[in-house]
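Number of protein chains: 2
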Amino acid sequence: MDASSSPQALIGPRFKRMANAIRALSVDAINKIQTGHPGLPLGAADMATVLFTQFLKFDPKNPDWADRDRFVLSAGHGSMLMYSLGYLNGYEAMTLDDIKTFRRLGSRAMGHPEVDLEIGVEATTGPLGQGVGMAVGMALAERMMRERYGSDLVDHYTYALVGDGCLMEGISYEATALAGHWGLDKLIVLFDDNGISIDGPTSLATSENQQARFEAAGWDWQAVDGHDPEAVAAAIAKAKTTSTPSIIACKTTIGLGMPVKEGTAAAHGQPPTDAEATAARASYEWDYAPFEVPEDILADWRAAGARGSVDQAAWKARLDAADASTRDEFLGAIAGELPAGWQDIIDAVKREFAEDPKDEPTRQSSQKVMSKLIPAIPTMIGGSADLTPSNLSRPDAVRAISRDNFAGRYIHFGIREHAMAAITNGIALHKGFLPFCATFMCFSDYCRPAIRLSALMKQKVLYIMTHDTITQGPDGPTHQPVEHFATFRATPNMLSLRPADAAEVAECWELALEAEDMPVAMILTREKVPAVRSGHSEENLCRRGAYVFAEASAKAEVTLLSTGSEVSVALGAKKLLEEKGVPTRVVSMPCLSLFDKQDADYRASILGTDTLRVSVEAATVYGWEKYVGPDGLIIGLDGFGAAGMPDELMEHFGITPKAVAAAVEARLAKTKA
Amino acid sequence: MDASSSPQALIGPRFKRMANAIRALSVDAINKIQTGHPGLPLGAADMATVLFTQFLKFDPKNPDWADRDRFVLSAGHGSMLMYSLGYLNGYEAMTLDDIKTFRRLGSRAMGHPEVDLEIGVEATTGPLGQGVGMAVGMALAERMMRERYGSDLVDHYTYALVGDGCLMEGISYEATALAGHWGLDKLIVLFDDNGISIDGPTSLATSENQQARFEAAGWDWQAVDGHDPEAVAAAIAKAKTTSTPSIIACKTTIGLGMPVKEGTAAAHGQPPTDAEATAARASYEWDYAPFEVPEDILADWRAAGARGSVDQAAWKARLDAADASTRDEFLGAIAGELPAGWQDIIDAVKREFAEDPKDEPTRQSSQKVMSKLIPAIPTMIGGSADLTPSNLSRPDAVRAISRDNFAGRYIHFGIREHAMAAITNGIALHKGFLPFCATFMCFSDYCRPAIRLSALMKQKVLYIMTHDTITQGPDGPTHQPVEHFATFRATPNMLSLRPADAAEVAECWELALEAEDMPVAMILTREKVPAVRSGHSEENLCRRGAYVFAEASAKAEVTLLSTGSEVSVALGAKKLLEEKGVPTRVVSMPCLSLFDKQDADYRASILGTDTLRVSVEAATVYGWEKYVGPDGLIIGLDGFGAAGMPDELMEHFGITPKAVAAAVEARLAKTKA
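Chains A and B, in that order, are what the protein sequence lines are. By the UniProt record's numbering, the letter at position 329 of the first sequence is numbered 329, and the numbering carries on one by one without gaps. By the UniProt record's numbering, the letter at position 289 of the second sequence is numbered 289, and the numbering carries on one by one without gaps.
Chain A extracted, bound-state conformation (with noise of 0.2 Å):
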């Protein structure tokens, strides 16, 4: 729809009142509680209008029509932005009740906008930068999912409104590096160019010339008056023509109409006193009682916000029309359904492993089990910040998507793997694929604030993280994960899965297709592992997070927790305990969170009782307390690693069967003496 077939027009009284419906709303919200960020809402409230009332393609009434545009607040402190539009849109789910209590518990008008479709809410936004990277990724699903269901299926835009925040963030530069590589098109970025940050205007921190950064970048730039709704639906227009992704640098007032802290620091997050919200209601000429939208104003709206229903009428009747099994793969793909009969190819890929066991490291088991399942399940796809021939994350048969092909499932993300995890957010936000993205462990760091936001979004995104302890050896401490293993842990609503052997690792990649809600970590070795798991098993052993993997040939003496490369080691000390004559349990803990989840007799039954208690992993000693025990023994790494070969390090902080056992043996003896 473009700005000709428009039902509103452009200027005069109607558009102005329209986007101060929206200021008004922000500033009574705001005012009321006392916090918030009135800086963003006022200043965008017009390039706002423009885009919502004249270009943005969706639908109040079916919030999650799988082909409408995006839109994505990646300068979330701007909430009550999304929540004024919401409201005035026709958002049913989105109530002036929601707005009067803005930011209280229970509101679904959230400090910062929280990923809630039914209010239009696409993405969870407020650590900076990452909807920038969000939107890159949904722009990039849409154009995989136009690939593969043509255009009648999949046409949309996917807009993006920025801050000086999100762009200063180095996680926007690796972003919009790779919209550019890509050539994504329907990308289009608005951005609030008010020269203001917190600190004061940006001329405090920041000298760069925007046009030039993004042109290097390769997209198209244009710069207009923000508060010219004409100049902005133009640029909009002219945008949605490009053969590169857009960005219009929207010249605006922050915090518009408030005295005194208009146009400076303070408007960006000091909520107006009862005087600011009056004389700001003055200068918008609004004579309404606070929180009143009037008639007339709040129709127009309504009909801005109902004008997608013909084109989602005419996407329904397109997409019945559509040959059945275009339409089922479709519509599972935007399910997240699974291709009935997959764990079929689990327990085939298990029997595999079983007939013919090989010590392999994890990573190297991993890619055969994703090489039968890419195949397998259309949907997935993924790819590697740059190590891919290390993270085995792409089955030899895969291709790799280009810009001049997106019919690829493997994206080469370049050495961003920041970028790469938000980018993969956005897909999973998307909807219609079943993404991983691919590192070492250890740099699970630069990515940290998207894998927060996966866990906070419930989005499925497996994370497939090699080289996962000092086992990697050689390249030294710098890539030695340590601490990783509680910050994963520690993370609400994650899955981390860390298998001991080809066996389990087939194990534990069922476990990640079956996890809803949540993004998973799927912990693998660099090293070769003994193939420790004899024989197949119908049963998923891995899925209760813990399990005896050996028991002692006696009345147990001790129990030895292990996981990943450590249940071997574990191994090898049971046997030489064993021979001293003291009897020793195994057992292999893939998945604490699991575990915890077990009822209280079964985590008995595993842990042990009466036994002395020995944890060996080698990675942080943080938090195995809780399973030893205050009389266990923790046997694992208090400091950082070192650069080495495996075996010397393993050695040298003492995760040897023979370091382990005499460990065991001195505790043991401490006891009973």
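Put simply, identical chains are the same to the list, so a pair is met inside one copy or across any two.
DSS-like mimics (lysine-lysine), calculated; alpha carbons at most 25 Å apart, straight line:
hint, residue 1, residue 2
1, K528, K32
2, K316, K240
3, K670, K597
4, K528, K372
5, K528, K358
6, K61, K316
7, K670, K626
8, K57, K431
These are computed hints drawn from the structure, not numbers from a lab. None of these values were measured; they are calculated from a predicted model.
Starting from the known structure of chain A, arrange chain B on it as the hints suggest.
Positioned in the frame of chain A, the structure of chain B alone reads:
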């Protein structure tokens, strides 16, 4: 020293042979151990030889000479370049034996460079992009030191060698934007422009115009043939004359000389086979045994390495001739000394706090302490990632630096948390300052890779982390740290301090300033906390990490372990419990790692024996079992926070005096039942 005064001829067989000495040593070392990254040392040997023999001001006999030029190998995987240079230049601590045991445990030639001045390694690198940030920090430190002490004492360049990986990382954009903004003209980056990354040609993942990108950020750009020593020398000479930071793209062939692998991704990280090593040596016309450097070439190198001793001696003479107070101040700053009597300031602040106790946010108490410390400690400098008025990290009287004024002591980093932390690392590594930086605790995620390096490099960087939990409230879960508490505490070699009120803030600042060889996180509240400590304590009660804050009225049944703002919650719960006849102790635990270092008796005396132990902290429950034991109670968050007013949230999550008391009573009832 410019090219004309060089003892080396730039063209002809001697230059080539000198550069090939780097190549041969690198090939031999990587071939022998069969792990490492030959691509960079072989590709960048020419440019490095030009830089080290013609330009770099350094003295292997005085490796910590304060006015040496700094060189940072940001592309740290090319570590054999550093070790070859170290040996060839005559750093005694870098021996051929180290090179022969490259990447083995105990070798000084570690997998990636780890800061070690005695072998010429200025910074730990490997995690890509960090070196760019640290180099910017070093260049900034130089500029600020020069402002203070004059160019007689401080006048050096900072060089960084970066690869495509560094330049794709978001942190490099953030850091280069700041370097351009500040106009750091003595910063010169050599870009090893080989067009190859691990996944293949860089064209797989990028099509950015690097020249335009750097020019947009205010840098001077040159591009030369990186194997043409005269061209490289001319470019460096020109770069030294610009009024902006400079980058020189040196077009090189990765892995030059390795058959088949040369010019391909395989050269990056695959060690040469014996046959490839032989072929490579042949291509260098290097007719020597492995690890053999002929005497004439070694002599050339040693002569080049020794040439800085003249400059060093001249500098030393200038230092000796300087007036005593300047010299003492300069040397004290470099040594990281604090002015005598600084503890008296802490003591005076503590007394003020005790005499006029105020309920205030701990970030505000911290600002009060800083406002006393900064005038008294001239080396203290720092800034915020655009959250100055929220972090309260800038006492009023402190002026900011700018391109035109490097006498200031406050740094507006813009919304660039990651570069902020890396730059702060660079300032610390440079020496001369005690640097701090600030952001919301939740956004420590953006700084994580650099925070990790602070700890690994043992650098004293003060991280001021405000808005420390759900009490930051209405911004919602995107801004509320949860798992971060576990991350900080699990990070080796880092002090995490979370004071309960103004008195503890002052004490924690004392601990922060006393800390040696480690970074410190000062974790502070946004919200007001009661002044819970009464009276003045001569002793720093926080020093042992935890102490009994309030004894029980009778033999204790319960010990409440709490930190930060939750100490007052615990005190409220104690009151309620005591009223119900349950004698209750309250322990404040501002620093778990310091507490862990105390002897067993002290720890037992604090944690309490024969009492129910209950932790109260509005953050992840992960890790508290260590302190409460298997029968204890952990009150905290097992999920993310939520948007709401602080009181609403504490009530919602059950972290109020009433809720804590009720949970304790319920547990006691269960235990007794």
